[in-house]
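Asks: Each chain, written out:
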Amino acid sequence: MAAAASCSTSTRSTGSVVVAASRNSVTSFQRRGPRASGTDSGCSRLVSIAGTRPSVRNGQLLVSTGLPALDQLLGGGLAVGTVLLIEEDKYNIYSPLLFKYFLAEGIVTGHTLLVASAKEDPADILQELPAPLLDDNCKKECDEDICNHKTESNIKMKIAWRYQLLPKMEARPVSSSRFGHYYDVSKRIPQELIEASKWHGFFLPEKISSTLNLEPCSLNHGYIKLLQFIQNIIYEEGFDGSNPQKKQKNILRIGIQNLGSPLWGDDICWTENCDSNHSLTKFLYMLRGLLRSSLSACIITVPTHLIQNKAIIARVTNLSDTVVGLESFIGSEKETNPLYKDYHGLIHIRQIPQLNNLIYDVSDVKDLAFKLKRKLFTIEHPPTPTVLLPSQTSTSRGHSPVW
Amino acid sequence: MFPELNNLLNTTPDQAEQGKLTLLCDAKTDGSFLVHHFLSFYLKANCKVCFVALIQSFSHYNIVGQKLGVSLTTARECGQLVFLEGLKSAVDVFFRPQEEPHPLQFLREANSGNLQPLYEFVQEALKPVDSGEAAWRCPVLLVDDLSVLLSLGVGAVAVLDFIHYCRATVCWEWKGNVVALVHDSGDAEDEENDILLNGLGHQSHLILRAEGLATGFCKDVHGQLRILWRRPSEPTAQRDRSLTYQYKIQDKNVSFFAKGMSPAVL
Numbered sequence: 018m019a020a021a022a023s024c025s026t027s028t029r030s031t032g033s034v035v036v037a038a039s040r041n042s043v044t045s046f047q048r049r050g051p052r053a054s055g056t057d058s059g060c061s062r063l064v065s066i067a068g069t070r071p072s073v074r075n076g077q078l079l080v081s082t083g084l085p086a087l088d089q090l091l092g093g094g095l096a097v098g099t100v101l102l103i104e105e106d107k108y109n110i111y112s113p114l115l116f117k118y119f120l121a122e123g124i125v126t127g128h129t130l131l132v133a134s135a136k137e138d139p140a141d142i143l144q145e146l147p148a149p150l151l152d153d154n155c156k157k158e159c160d161e162d163i164c165n166h167k168t169e170s171n172i173k174m175k176i177a178w179r180y181q182l183l184p185k186m187e188a189r190p191v192s193s194s195r196f197g198h199y200y201d202v203s204k205r206i207p208q209e210l211i212e213a214s215k216w217h218g219f220f221l222p223e224k225i226s227s228t229l230n231l232e233p234c235s236l237n238h239g240y241i242k243l244l245q246f247i248q249n250i251i252y253e254e255g256f257d258g259s260n261p262q263k264k265q266k267n268i269l270r271i272g273i274q275n276l277g278s279p280l281w282g283d284d285i286c287w288t289e290n291c292d293s294n295h296s297l298t299k300f301l302y303m304l305r306g307l308l309r310s311s312l313s314a315c316i317i318t319v320p321t322h323l324i325q326n327k328a329i330i331a332r333v334t335n336l337s338d339t340v341v342g343l344e345s346f347i348g349s350e351k352e353t354n355p356l357y358k359d360y361h362g363l364i365h366i367r368q369i370p371q372l373n374n375l376i377y378d379v380s381d382v383k384d385l386a387f388k389l390k391r392k393l394f395t396i397e398h399p400p401t402p403t404v405l406l407p408s409q410t411s412t413s414r415g416h417s418p419v420w
Numbered sequence: 615m616f617p618e619l620n621n622l623l624n625t626t627p628d629q630a631e632q633g634k635l636t637l638l639c640d641a642k643t644d645g646s647f648l649v650h651h652f653l654s655f656y657l658k659a660n661c662k663v664c665f666v667a668l669i670q671s672f673s674h675y676n677i678v679g680q681k682l683g684v685s686l687t688t689a690r691e692c693g694q695l696v697f698l699e700g701l702k703s704a705v706d707v708f709f710r711p712q713e714e715p716h717p718l719q720f721l722r723e724a725n726s727g728n729l730q731p732l733y734e735f736v737q738e739a740l741k742p743v744d745s746g747e748a749a750w751r752c753p754v755l756l757v758d759d760l761s762v763l764l765s766l767g768v769g770a771v772a773v774l775d776f777i778h779y780c781r782a783t784v785c786w787e788w789k790g791n792v793v794a795l796v797h798d799s800g801d802a803e804d805e806e807n808d809i810l811l812n813g814l815g816h817q818s819h820l821i822l823r824a825e826g827l828a829t830g831f832c833k834d835v836h837g838q839l840r841i842l843w844r845r846p847s848e849p850t851a852q853r854d855r856s857l858t859y860q861y862k863i864q865d866k867n868v869s870f871f872a873k874g875m876s877p878a879v880l
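If you read the protein sequences in the order shown, they are chains A and B.
With our numbering applied, the first sequence has no gaps in its numbers, which climb one by one up to 420 at the end.
With our numbering applied, the second sequence has no gaps in its numbers, which climb one by one up to 880 at the end.
Just so you know, these hints were derived from the structure itself, not from any lab.
Remember, it's a predicted structure, so these values are computed and weren't measured experimentally.
Using N, Cα and C, we set each Cβ at its ideal position, and we do this for glycine too.
Honestly, I wouldn't trust all of these hints.
Computed cross-link-like contacts, DSBU-like style, restricted to lysine-lysine with a CA-CA straight-line distance of at most 35 Å [stated by the list, open to error]:
#, chain 1, residue 1, chain 2, residue 2
1, A, Lys107, B, Lys642
2, B, Lys833, A, Lys358
3, B, Lys681, A, Lys266
4, B, Lys658, B, Lys741
5, A, Lys351, B, Lys833
6, A, Lys327, B, Lys833
7, B, Lys873, A, Lys327
8, A, Lys242, A, Lys215
9, B, Lys642, A, Lys388
10, B, Lys833, A, Lys388
11, A, Lys327, A, Lys136
12, B, Lys642, A, Lys358
13, A, Lys266, B, Lys866
14, B, Lys789, B, Lys866
So these bits of chain B aren't anywhere near chain A, every CB distance computed over 10 Å [as the list claims (entries may be wrong)]:
#, residue
15, Asp628
16, Gln632
17, Asn728
18, Gln730
19, Val771
20, Ala772
21, Ala782
22, Thr783
23, Ile841
24, Glu848
25, Tyr859
Have a look at the derived ranges for each label pair, beta carbon to beta carbon [said to hold, decoys possible]:
#, chain 1, residue 1, chain 2, residue 2, range
26, A, Leu323, B, Glu805, 18 to 24 Å
27, A, Lys327, B, Gln864, 29 to 35 Å
28, A, Lys388, B, Asp834, 30 to 36 Å
29, A, Leu323, B, Phe709, 29 to 35 Å
30, B, Glu713, A, Leu150, 54 to 60 Å
31, B, Asp834, A, Leu150, 38 to 44 Å
32, A, Lys327, B, Val771, 18 to 24 Å
33, B, Lys681, A, Leu393, 35 to 41 Å
34, B, Asn624, A, Leu393, 53 to 59 Å
Put together the whole structure using the sequences plus the hints.
Replies: Here's what the structure looks like:
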């Protein structure tokens, strides 16, 4: 691997920790060169994976968050190897929706899921995922495919017998060539889709009961267990390129709910000067380390409105790549603001990662509001009123219209 | 490296100063472009660089470095660059217990952590080789970034001690340079970070502070850069020289202009 670059001084640093890795390390930041046109998959090391697409800006591999509107705001999608942090809204009504969209998108595109929660059993979370909105043609096809897959037996091929020797493709229930799907929140995802998908669940009360024989370190036990679980899955299923026999590369979608809440054993939501001040930040750092060296993308929801210490919120933001904050209008004075009468809340894109790039990438649109109708979660720019009545000026703080 | 920034700082790769501590800080914006600048600057200046990259992966710096005209892989292979990839090493040290002391050993410790193994790693990496001929011009330590160490449970005083030891060895003994990035948390009331920032601010010879515009986000002006030259060892009645410029980051370059003189406005 190390090219024979001859230099006049051949002083190899002996004590260097990072001597060039001799194994093929698959990072997600593989530049899709001109040879990787998609047709000749033998050339590029990163075969095109279902449900991903390269970014138009820097060639980075992106996955959809499940909300095409949010994908657009984030510059095309969520980069593989990064963390999407959702700052929960006050009563935790809308952030679980974004969480579920992300997981549903994973099922629809055939990615492997890893769901971690301290509150709900991951199996229950999966049952509540929204149903994808498919065209009718597509739906008929997937019913047919599923029937065929179940009744398929070893039919010997008579004419095209050479094809018998090829490995069978896994039946994908839904055509995964699209990037980003729409979901119907009022319906549940069909059971067949869940059963056809591969997922791993981490439910904290089940995992924490086993005895721990670890050295004491400043991470709390729940986080240590979760990190080990994630690392295990990544290693065993080859998401970090450690298993070269695996021909079909896939993305691991990790979803962690309510991280930092007291249910995880963390006390940053109770007091300002707590003992485990560094648990959450250390966890995020280790998670970043795991993600950067594997084909995975992660969504985390954190109740930042409960965290007492503002410094921790700043540190958590710095350790995450993409940060989206949700602010619902329930119970706030904005609920009666005529500007926002059609909307349920505001969505703030607080941070977008600047990976493999110098350019400072900040979303152009700043005032965004979201609304949840029966079927769809839409994100829009609230319309500026053309006529400003005196009664409106008193309530609209800082949202004066641009003439 | 950005030629315009070299002009502002009055340096070129051939005449790089020695024995200096440069502090990079950012407030309300991302100052990592300064890290990329100094990395490519010192590699082009033929210095031996030890880069402690705690926050991003190697390929990130490599890809940006290629845009700026340096190849980190080549530099690493021929020994000019010693790269500590914090994220990868952290996973190694955390999940697979190591026998010998690892530079990021503090991740396994419960209390506020000791950066001595990290200092020893830097020392080992930048030690001048006694081969007689000077292969590289001067040793340079580059850290991106120090605020992450605070998030990992290391106390501000331990980080200040680490920089002090590095300064004593790299700057004073071996006549090299140290460049470190610290985030300024602004109104987030991060006391540890403020201690670190103030402590380093008093020890540095050059402070580059990237700030977001006070008026908010703008597409054409990404921020403001304050340059402050200091003389920490000489108490002097003269005021330290300071300059302020605004900048816009492009794909392969950063352009600087005087305040209010953005080409978009003129």
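Asks: Quick check for students: does the CB of asparagine 728(B) sit more than 10 Å from each CB in chain A?
Replies: holds (13 Å)
Asks: Look at the Cβ atoms of asparagine 624(B) and leucine 393(A) and judge whether their distance stays inside 53 to 59 Å.
Replies: Distance hint for asparagine 624(B), leucine 393(A) holds at roughly 57 Å.
Asks: Given the hint of 35 to 41 Å, is the C-beta distance from lysine 681(B) to leucine 393(A) inside that range or not?
Replies: Given about 40 Å between the Cβ atoms, the range holds.
Asks: Taking the beta carbons of lysine 388(A) and aspartate 834(B), is their distance inside 30 to 36 Å?
Replies: holds (32 Å)
Asks: Quick one, are lysine 642(B) and lysine 388(A) close enough, alpha carbons at most 35 Å?
Replies: holds (29 Å)
Asks: Would the hint linking lysine 681(B) and lysine 266(A) be met if the CA-CA limit is 35 Å?
Replies: Holds - the C-alpha atoms of lysine 266(A) and lysine 681(B) are around 29 Å apart, at most 35 Å.
Asks: Has the given pair, lysine 266(A) with lysine 866(B), been kept, meaning a C-alpha gap of at most 35 Å?
Replies: holds (33 Å)
Asks: In terms of Cβ atoms, is chain A entirely out of 10 Å range of isoleucine 841(B)?
Replies: holds (19 Å)
Asks: Verify this label for me: alanine 772(B) is non-interface relative to chain A, using a Cβ-Cβ cutoff of 10 Å.
Replies: holds (13 Å)
Asks: Is lysine 642(B) within 35 Å of lysine 358(A), Cα to Cα?
Replies: Answer holds: lysine 642(B) to lysine 358(A) is near 32 Å, not above 35 Å.
Asks: Given the proposed pairing of lysine 327(A) with lysine 833(B), does the C-alpha separation stay at or below 35 Å?
Replies: holds (28 Å)
Asks: Does lysine 136(A) lie within 35 Å of lysine 327(A) when you go C-alpha to C-alpha?
Replies: holds (25 Å)
Against the hints set out earlier in the document, no violation occurs for any number.
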